[in-house]
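If you want the building blocks of each chain, they are given just below.
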Amino acid sequence: MITVSMMVNGDAVSRDVEDETLLVDYLREALGLTGTHVGCDTTQCGCCTIHLDGISAKSCTVLAAQAEGRAVTTIEGLAQDGKLHPMQEAFRDCHGLQCGFCTPGQIMAGAELIRTWEGPLDEHQVRDEMEGNLCRCTGYHNIVKAILQAHAETRATVDA
Amino acid sequence: MYPFIYRRPASVADAVRQFEAGDDSSYISGGHTLLPTLKARLAAPTDMIDLTALPELKGIEETDEGRILIRGGTVHADVAASALVREKIPVLAGLAGSIGDRHVRHRGTIGGSVANNDPAADYPSAVLALDGIVVTDRRRVAADDYFTGLYETCREPGEIVIGVEFPVPLSAGYAKFRNLASRYALAACFVARTTSGIRVAVTGAYNTGVTRTAAFEAALAGDFSAEALDALDIDPEDMLSDPAATGAYRANLVKILARRAVAHQGEVLIYK
Amino acid sequence: MTPFRDMDIIKSLRAVGQPLKRKEDERLITGKGRFTDDFSLPDQTWTAMVRSPYPHARINGIDASAALDMPGVLAVLTGADAMADGLGEIPHNPVPSTKFDVKLTGRGGTPVYIGEHYLLPADCARYVGEPVAMVIAETRSQAYSAAEAVMVDFEPLDFVAGTREAAAPDAPKLWESQSDNILVDATFGDVASTDAAFAAAANIVDMTWVIGRVTGVPLEPRAALGSYDAETERYTLYAGSGGAVRQKHELAKVMGVEPEAVRVISFDVGGNFGTRNRAYVEFGLVMWGSKRIGRPVKFRADRSESFLTDYQGRDLVSEVSLALDANGKFLALRANNLSNVGARCVSLSPLSKGSGLITGSYDIPVATLRSRATFSNTMPTQAYRSSGRPEVTFAIERLIDKAARELGYDRLDLRRRNLVQPSQMPYRNAVGSLYDSGEYEKNMDRLLEIGDWAGSSTRRKAAEARGKLFGLGFANYVESSIGSPKERADIIVHTNKGIEVVIGTQPAGQGHETSFAQVMADLLGVGFDEVTITLGDTDVVTAGGGTHSGRSMRHASTVMALAAEDLVEQARALAADILETTADKVTFGEGVFGTPGTNRTLGWTELAVKAAETSPGGLRVRRDNEMHQPVFPNGACMCEIEIDPETGQIDITHYVTVDDVGRCINPMIVHGQTHGGIAQGVGQALWESFAIDPESGQPLAGSFTDYGMPRSDNMPSFLCEIAEVHSPTNPFGIKAGGEGGTTPAPAVIMSAIEDALAPLGVIEIEMPATPLKIWNAIQTLRAATPATAQTELV
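Chains as they are written, first to last, in my numbering: chain A, 295 to 454; chain B, 62 to 333; chain C, 91 to 884.
Honestly, the hints are just simulated from the structure, not real lab data. Among the clues, some could well be false.
To be verified - Selected chain C positions facing chain B (in silico; Cβ < 10 Å):
(1) Tyr234
(2) Ser779
(3) Ala781
(4) Asn866
(5) Gln869
To be verified - Calculated cross-link-like contacts (lysine-lysine; reagent style DSS-like; alpha-carbon spacing at most 30 Å):
(6) C:Lys492 / C:Lys863
(7) A:Lys377 / C:Lys111
(8) C:Lys587 / C:Lys101
(9) A:Lys439 / C:Lys263
(10) C:Lys101 / C:Lys700
(11) B:Lys333 / C:Lys863
(12) C:Lys263 / C:Lys193
(13) A:Lys377 / C:Lys587
(14) B:Lys100 / C:Lys122
(15) B:Lys333 / B:Lys100
Cβ atoms here follow ideal geometry from the backbone N, Cα and C, with glycine treated the same way.
When you get a sec, could you build the whole thing from the sequences and use the hints?
Take a look at the structure:
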């Protein structure tokens, strides 16, 4: 057993867990933040995507201990002061979700993509950058639309 | 996963000591090869030694000899975005930017890739084709001596890859055809015109792991053009064969990808 | 067919037809979804299954001693223990039983033998991955570790995995009481007339098609949490399902208790596609386990377990022949379809649904169909996205492509001259299916227009200039929506929180909380925001048919309309009281009740308050409805692809559909269904295969490393248009929109590939058409002389 402490969604947390605990299980089981999901066991589906110090990562493939002292953002922490993140709004606007299981991972991946992407972003690039996030319901069409819409909106806000 | 003891060393020397003190130790870097293996219960290390916080393993710099040193803990995304790598060896930056997916690139490291030598990994083909030098905690090894077979390297147990030094080539090109499921390379060719000659390194295809294709190198040395490879063939018997790709198919891909890498020097071509 | 009567209550449609944003999304985009694994109970334990590594093996003994010694282990339970506790079979009821389902039988009309499904077998394991024991431990990791230590004395038996191999009379048998593996062998249609038509035909075209095994891959791995309350003697089960009510009844039978002793909770479900339509053994096992050890028991499958042991999809071999006259008119069809149901029969939906649609969109006067099903040592199959219809659509559409090519017709013309015409509706096809409505040629015309079929030759030249092979594919489709015939709706008008509808469908992404609210809002004349839909907890949802086969909107809207009628009548009486008049003088419109001679109007909430004064239940109704009449969504599809001949790599560059879903309640949701459906059909055509190695009986694709999936970077964007030809069978005129995307997709992709390779020759590629197979096909064609370049299977 080890004590693992980190910031999660702006709050300092500390839990005693088994050494081999994965970050996703720390979030879901130790902290009760069940918004991050486990969809596979080969690091290929992306349902577990979170932000680690602002950068997207698959939380099923990070040991909780590797996040010691770092800042984690989960889907529960994306909205600020009761206001949804533009990516969350865009997913709802564009019907970018159906069953909702892959959705937290998609939104976290999309949010980090548009925050860090420099210059124009086109459909082809979105499709390339999102290949690590599987969806079985939407056929991706509306997910791509949502990400492009959120990108355009955040650019507009920045440029305005 | 089976239980293990997690250890966080403060230095490379510390890491090696902890490794040797454990019954059955494993290093973890990005973890994107190791953790899936452990989840499948294919291995049960007793001690997990975390290299990700070691400062000696971070950074990209130019050495006094003008080689580009990428330290082992550098993640693929940082190599892809590095102004220095993009300026000096742009195809290496492009290769790093094509590994796995975006999230994998935020965690996976060159040290992990080179230490593991997965037969379908990208970096080994770059290290071999660019005539790189693998720098470990105890020696410097030329690429030709470092990769010794399928999943095999000359590393001793506990030996840590501190970084890889890449000589700057005259030109380079990389062409990769991905497995449609795993997205690893079914075959990929890194073709470089180095200061010590033409080097063609193939990953994903040979049953000997990452391998140089001597016949291609000889032909290209005489005539650096795609057509120079027309008369040559790869022996399907030398290839890996599995349900996704037969030996004959891989042999075909190796040739096609080599031609395209030659014809598109300076570019990274990814087929998926 | 008796059209459904006009209903006055379906008048001013405001919300219906609008692309309203979904109510579900608020919780799902903020991480507040309630998927099964999100639930935990105090003092809960975990279970892991001990699974057979063999495709077929006798269980001679189970030694749990080593496992029981391991940390945290509380119990190891086996099939023998389950037998001793009197646990019953899961009553899958696999033979579809509505009035209009095709009647599948055993040989000579005998009942279908389905193979018992106990929670854990005591005799044999019959497929790789079949659970033979369960371990219960404090943590999930401890349970999985201990499962590895359970020693099972397996005696490997002869096995058979391949579909045609399993159907052979001398194949290794799965069920000792049977003479072979054939559980269904029934012939439909007019044999004599079919034979006569073939004998007189100017041309006959035939082919054997293999539509292989795939698996649904919902992103949420299956999970279950069971607990038993010894005081109330009730079981509670959290388990994502395709129908909580059905599974409550089934599991009650398994446990040997009354249905009211079981509560099933199925809130957010991470994708179904058919995989969750039948109960899994783990659902019963966690219930049983929790009673045995007196603590809740939880199960969550790894993705590798899901690949191995989710109920799988498709797996049909179809031999089809088409007889044509000298002018290209279709005279008759013969089909011989063989379905591989796996180790036991959980559902015959694929074979049955497909059987009714072998003639597709075409007016073929006579047909004969022999439908057979075989057991095999593989995971049981059941309905999967458009169960049975993509297979038979593939068979006829690809056969027509072949006929066009061999007989020198344009493939669109040949189709046009044989389409069922609107004037023929309702149209009874040659195997007895009664198509309710549709304008098939109009769909084609519209598709060709919006898809710019005429412009494809320009795009072809451009692709060829880049060194690519260009392929243009086309397919028509008609598919069927039948589904469980019964549905129930409760409408409760609350005094303080609007209108609640309780209904027994089970969405897994289809947006019922939204689209059903749109329907009820318009029925009662209230705002969309005032209606909430309650689903998924069998203590509240007392009856219902679940969600499958595109049944939900059709059944739900119908029973909601009938319930709304009843509610209006009840409300009228209350209003009459308040307005001091008689019920026949009370008017209802725009959501309010009134009467001539006064401006006073009464809204729903006011009437609910009034009702609460006199009746404990308040203002509410319950209505049941039963509908057997199927409906037939239909449409047309085209696509363009480019193939790199040097590598076999294939890109989809254009994908267009026109889909007649009947009345469309929410076009945003329907488009989403089409998109997802397309991806699953394309996935089968290009990447997906749950293949079994014939030598070892072992599955070859147990993870995403080997099982190719549609991803954001291999799927194109789509151009989809909805057509609305209202069905006369139900009051809203609904057909279904959930499965039309998938139905033509395998056919249209393979049609395009055939077109792309046509300059080189003709060769059949068995799906999935991976780059390896396409490259192999090209090599074969290039090596062959013109005389021999035909029908070699790769």
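Results for each hint:
no. : hint                : result
1   : Tyr234              : holds, 8 Å
2   : Ser779              : holds, 9 Å
3   : Ala781              : holds, 7 Å
4   : Asn866              : holds, 7 Å
5   : Gln869              : holds, 8 Å
6   : C:Lys492 / C:Lys863 : holds, 20 Å
7   : A:Lys377 / C:Lys111 : holds, 18 Å
8   : C:Lys587 / C:Lys101 : holds, 25 Å
9   : A:Lys439 / C:Lys263 : violated, 52 Å
10  : C:Lys101 / C:Lys700 : holds, 26 Å
11  : B:Lys333 / C:Lys863 : holds, 15 Å
12  : C:Lys263 / C:Lys193 : holds, 25 Å
13  : A:Lys377 / C:Lys587 : holds, 25 Å
14  : B:Lys100 / C:Lys122 : holds, 27 Å
15  : B:Lys333 / B:Lys100 : holds, 27 Å
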